[in-house]
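Let the sequences and hints guide you as you build the complete structure.
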Amino acid sequence: MSQTDLEIVVDDPTAPEDGSPSVVSSGTVEIVVCLLLLALAVTLGYDNWRTGASWDATGPEPGYFPFYLSVILGGGSLYGLIAALLARRAACESFVTRAQARRVMAVFVPTLLFCLVTQFLGLYVASFLLIAGFMRLVGKIALWKSLLTALVFTAIMFVTFDIAFDVIMPKGPLEAAFGH
Amino acid sequence: MEALGLLFHGFAVLLTWKTLVLMMVGLVLGIFVGVLPGLGGPNGVAILLPLTFTMDPTSAIVMLSCIYWGALFGGAITSILFNIPGEAWSVATTFDGYPMAQQGRAAEALTAAFTSSFVGSLVAVLLITFLAPMISSFALKFGPPEFFAVYLLTFCSFVGLGREAKHKTVISMSLGLLLAGVGMDTVSGNLRMTFGSAELLRGINFLVAVIGLFGISEILLTMEERLALRGHAASISLRVVLGVWKDLPKYWMTLLRSSFIGCWLGITPGGAIAASFMGYNLAKRFAKDPESFGKGRIEGVFAPETAAHASGTSALLPMLALGIPGSGTAAILLGGLMVWGLNPGPLLFVEHKDFVWGLIASMYLGNVVGLVLVLTTVPIFASILRVPFAAVAPMIVVSCAIGAYAIQNAMFDIWLMLGFGVVGYVFKKIGIPLAPFTLALVLGNRAEDAFRLSMIGSGGNLKVFWSNGLVGSITTLAIVLLFWPVTDGLLGRVGLTQRTRTTPQ
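Line by line, the protein sequences are chains A and B.
Going by full-length UniProt numbering, the first residue of the first sequence is number 1, and it counts up by one from there.
Going by full-length UniProt numbering, the first residue of the second sequence is number 1, and it counts up by one from there.
One or more of the hints may lead you astray.
Taking CB as the label site, the calculated pair distances span [said to hold, decoys possible]:
no.	chain 1	residue 1	chain 2	residue 2	range
1	B	GLY457	A	ILE163	42 to 52 Å
2	B	ASN190	A	THR28	37 to 47 Å
3	B	THR377	A	LEU147	54 to 64 Å
Take a look, some chain A residues computed to stay more than 12 Å from chain B by CB distance [to be verified]:
no.	residue
4	PRO110
5	ALA132
6	GLY139
7	ILE156
8	PRO173
9	PHE178
No lab work stands behind these hints, which were simulated from the structure alone.
Just so you know, even glycine gets a beta-carbon here, dropped at the ideal spot from N, CA and C.
Written out as C-alpha cells, the structure reads:
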C-alpha cells in the first residue's frame, strides 16, 4: 500500500520576507540593459564596419553579416528603451526586493570568490572552500558536516574527472605538492 | 522496412554492458537533476556534458539522452508530491497532480505521470524512427541556399510565433548571432570582434554560455524564492501500477491527442511548455465535465505529461535529420555532437549509422528502463529534497565551473560563464527570452556560412533564394512567419480567420 501520510518538510529559515522594500524597479533595469545593449551594438557595429561591411564581387565581406546584426540589435534595444521609458509612468514592478537582493548576493559573492580562488589555487581547493564555507556561513549547517560534505564532494569530483575520465582541471600549489 | 533493420542494428550496438551501465548512470543522474530545485533538463545536460568528452560518441549520446529522459521523469515527482514544478513544462501537471497527492492518491498520480511520459515519448520515438531517415535523405539534396532558407525559417518562426514581446525576441536572437560571429571568420580567415584579445580569438563557446545562462542564473533565481517545502512522501506498489494501467485504454483519446500536439509543437519551435498547457486545456475542453479538472482528476495528469514528453522527444527529430535543434536541450546535444567531432545534418544518417541508430534505439530502451526505475525508486528520489539547498547550491556552482572549464581548458571560460550567469539572471527577470539566444548562438556560424556559400555560388545574387520551388517556398514561408502577427491581423480584419485570441501565459 502507499504511505501517503508521511510528509516531507523542509524549512527555509533565511527566506526573504515578503514585505521587503524594492531596491530597483524592473523598468529602470530594462532602461539600463537597453542602454548597455545599445552601446554594445554601436561598438560591435563600428568594429565590423572597419573590417569591411560592404558587398564585393563574391558576396558579402566578413563584417557584412555582423554589421547588420549590430544594426538590428541596436534597433531592438532602441525600441526597448523607448518602450521602457514610456511604460515608466505606468505601474512600476519591482525588479528585486532588498531581502531578495541580499540572498542573491549571498550566492553571487561566494561564486565570484570561487572563480578568483580557482584562478590562483586551482579548482579543487576553491571547490572545497566554497562548499564548506557556503554550508557553514549561509546555510548555518554544523561545521563538521560542512567540512565532511565539502571534502567528500571534492574528492569524488577529483576521482571522476581527473582520474577516471581524464578531464584535467586547473590546479594550484596544493596539488603540485602531491605531484599532480 | 529499412528503418526496422537499422533499428535492430542500433539495439545490437547498444546491448553491451558498458552502454547499459552508462544508461543507468545517466537515468539516475537525470532524475536527480530533475528533482533538485534550480536544475533541470537543459542545465543538467549542459553541466554533465564534460563527463562525456573522452567517451566515444555513441556512449556519450546514450548517456546524455538518458540524463534528459531522467530529468523529464524527475520533473513530475516534485510537481505531484510538492506542488513545485521542477520545470516550466511540469506546471500543468501540478493542476491535478498535487490535488491527487493531497487526497492520498499520490502513488496513482505518479504512476499516471510516468506512464503517460512513457507513452508520449514512445509515440515521438516511433515518429523519429520512420520520419527522420526520410527527411534526412530528402535533405541530402539540399545545397547552401536550401540550408540557409531552413535556418531563416527557424529564426523567423521564433520571432513571429513567440509569446514574448517581439523586440525582446529580436534583441535576444541578434545578440546570439553576433556573439556566434566573434573570433576567426571561417570563410575569409579574418578576425572579427576580438578587439585584439587572444582569449576572444577562440570565439565564445556555446556550451560555456549555456552553462552560465541556465546553470548559474538559475541558482541566483532560485535563491530569491522561499525554499521551504512541504510535501507528501509516496511509494508505489505493484497493485496501484496495475490498477492505473488497467484503466489506461479508457483514456486513449486523451493520450493520442496529447501525443499529437506534443509531436507537432516539438518539431516546430513551440516547445514542451506550450505543448503541456495545450494538452491540458484540450483535455479539459473535450471532457464531459470540465469543472472536475483541477480537483485531482487523473486525466489532468495524463494530458500534460504525455504532451510534454512527446514534445521533448520529438524536438530531437529536426536536430538529427537537419541539424536544427527543436528545443534548448536539443541545442545542447547538438553542441555535444560538434565536440565529439560529428557534423550535425542530414549526412549523419549516411556517415554515422551506428551513432544515429544507437541513439534512436537508446530512446526506446532508455524509456523502458527509465519507467521501471522511477516506479521503483520514487521514495528515494523524493527524499533528495530533504538535502538543504545551502549544500546543493555550491555543488552546482562547482559542477558548472568544471563543465565550463573542461570544454576548452580555459580559465577565461569560467569567468565568461559567470558573466553569462549574470546576463541570464537579468534577462530572465526583465522578460528577454533565452531560447532564441541559445538557438542563434549554436546555429549562427552555420547559417552565415550557408548564406555566404550561396552568395559565392550565385555570384552575389539574392535571387538564388527563390531559384527553385523548394527553396523559394521555404524562404517565402520564413518571411510570412516573421511578419505573422501582422499577417494574422490583416487576415483577421478581412474576416478570413475568426478566433479568439488567447492571452500569453
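Evaluated hints:
no., hint, result
1, GLY457(B) / ILE163(A): 42 to 52 Å, "holds, 50 Å"
2, ASN190(B) / THR28(A): 37 to 47 Å, "holds, 39 Å"
3, THR377(B) / LEU147(A): 54 to 64 Å, "violated, 30 Å"
4, PRO110, "violated, 7 Å"
5, ALA132, "violated, 9 Å"
6, GLY139, "violated, 2 Å"
7, ILE156, "violated, 10 Å"
8, PRO173, "holds, 16 Å"
9, PHE178, "holds, 19 Å"
Comparing the model with each numbered hint stated earlier shows that hints 3, 4, 5, 6 and 7 do not hold.
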